[in-house]
Amino acid sequence: MAEKEKLRIDKYLWAIRAFKTRTLAADACKAGRVKLNGNNIKPSHEVHIDEIYQITKGADRKTIKVTGLLETRVDAKKAVGFYEDITPVEQTQAFKTMFHAPMLSRDRGAGRPTKKDRREIDDLKDDFFE
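Numbering-wise, the UniProt record's numbering puts 84 at position 84 of the sequence shown, and it's gapless, one number per residue.
Do not rely on the hints blindly, as some may be mistaken.
[Unchecked claim] Here are the simulated BS3-like cross-link-like pairs (lysine-lysine), alpha carbons at most 25 Å apart as the crow flies: (1) Lys65 <-> Lys77; (2) Lys62 <-> Lys78; (3) Lys20 <-> Lys77; (4) Lys78 <-> Lys6; (5) Lys62 <-> Lys20; (6) Lys77 <-> Lys57; (7) Lys62 <-> Lys115; (8) Lys65 <-> Lys20; (9) Lys20 <-> Lys57; (10) Lys78 <-> Lys65; (11) Lys35 <-> Lys62; (12) Lys116 <-> Lys77; (13) Lys20 <-> Lys42; (14) Lys30 <-> Lys20; (15) Lys62 <-> Lys30; (16) Lys78 <-> Lys20.
These aren't lab readings, by the way, just hints derived from the structure by calculation.
The structure displayed is predicted, hence computed values, not measured ones.
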């Protein structure tokens, strides 16, 4: 696709579909959720090939390596060719297991838990978070 020598980080993150809009990408940079070597960067930072960025979106953390510069937004299949996702497996698995945690719920109108119920809830929590 169109390659360019100078490219802003907010435009690059939008083009590779890391963020839905360029404004969201710029806001993430301003808020310190996009980092280069552990340092916050501005939305106007120039992207260079082989740089590694850490991107945080909510609970999701990704580490990407730039393999090509992309100025315009393309479909997801083409965008994958312009970066390499080098996120450690531990971080990816931690995010996925967060959604498979047991949900504790009580029937509506059941009232306060009894002492026995409270002990069972505590035991369940202790077993899961160990």
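| Distance restraint between Lys20 and Lys77, which requires alpha-carbon spacing of 25 Å or less | Measuring from Cα to Cα gives roughly 16 Å; hence the hint holds.
| Straight-line Cα separation of Lys65 and Lys77 no greater than 25 Å? | Holds: Lys65 and Lys77 sit about 17 Å apart, inside 25 Å.
| query | Straight-line Cα separation of Lys78 and Lys65 no greater than 25 Å? | reply | Given pair Lys78, Lys65 holds - Cα atoms ~16 Å apart, limit 25 Å.
| message | Holds or violated: Lys78 and Lys20, Cα atoms, limit 25 Å. | response | 16 Å, holds
| message | For a C-alpha distance cap of 25 Å, please report whether Lys77 and Lys57 respect it. | response | Judged against 25 Å, a Cα distance of about 21 Å means the pair holds.
| field | Given pair status - Lys30, Lys62, alpha carbons within 25 Å | value | With a Cα-Cα distance of about 17 Å, the restraint between Lys62 and Lys30 holds, given a limit of 25 Å.
| said: Hinted pair, alpha-carbon criterion (25 Å max): Lys20, Lys42. Please report holds or violated. | reply: Holds, at roughly 18 Å.
| query | Taken at face value, is the distance from the CA of Lys20 to the CA of Lys30 at most 25 Å? | reply | 16 Å, holds
| message | So if I understand the rule, the pair passes when the alpha-carbon distance is 25 Å or less; does Lys62 with Lys115 pass? | response | 43 Å, violated
| message | Need the status of pair Lys62, Lys20: alpha-carbon distance at most 25 Å? | response | 16 Å, holds
| message | Please verify whether Lys116 and Lys77 have alpha carbons no more than 25 Å apart. | response | Distance ~54 Å between Lys116 and Lys77 Cα, so the pair is violated.
| said: Between the alpha carbons of Lys62 and Lys78, is the straight-line distance 25 Å or under? | reply: 19 Å, holds
Checked against the numbered hints listed earlier, the structure breaks hints 7 and 12; every other hint is satisfied.
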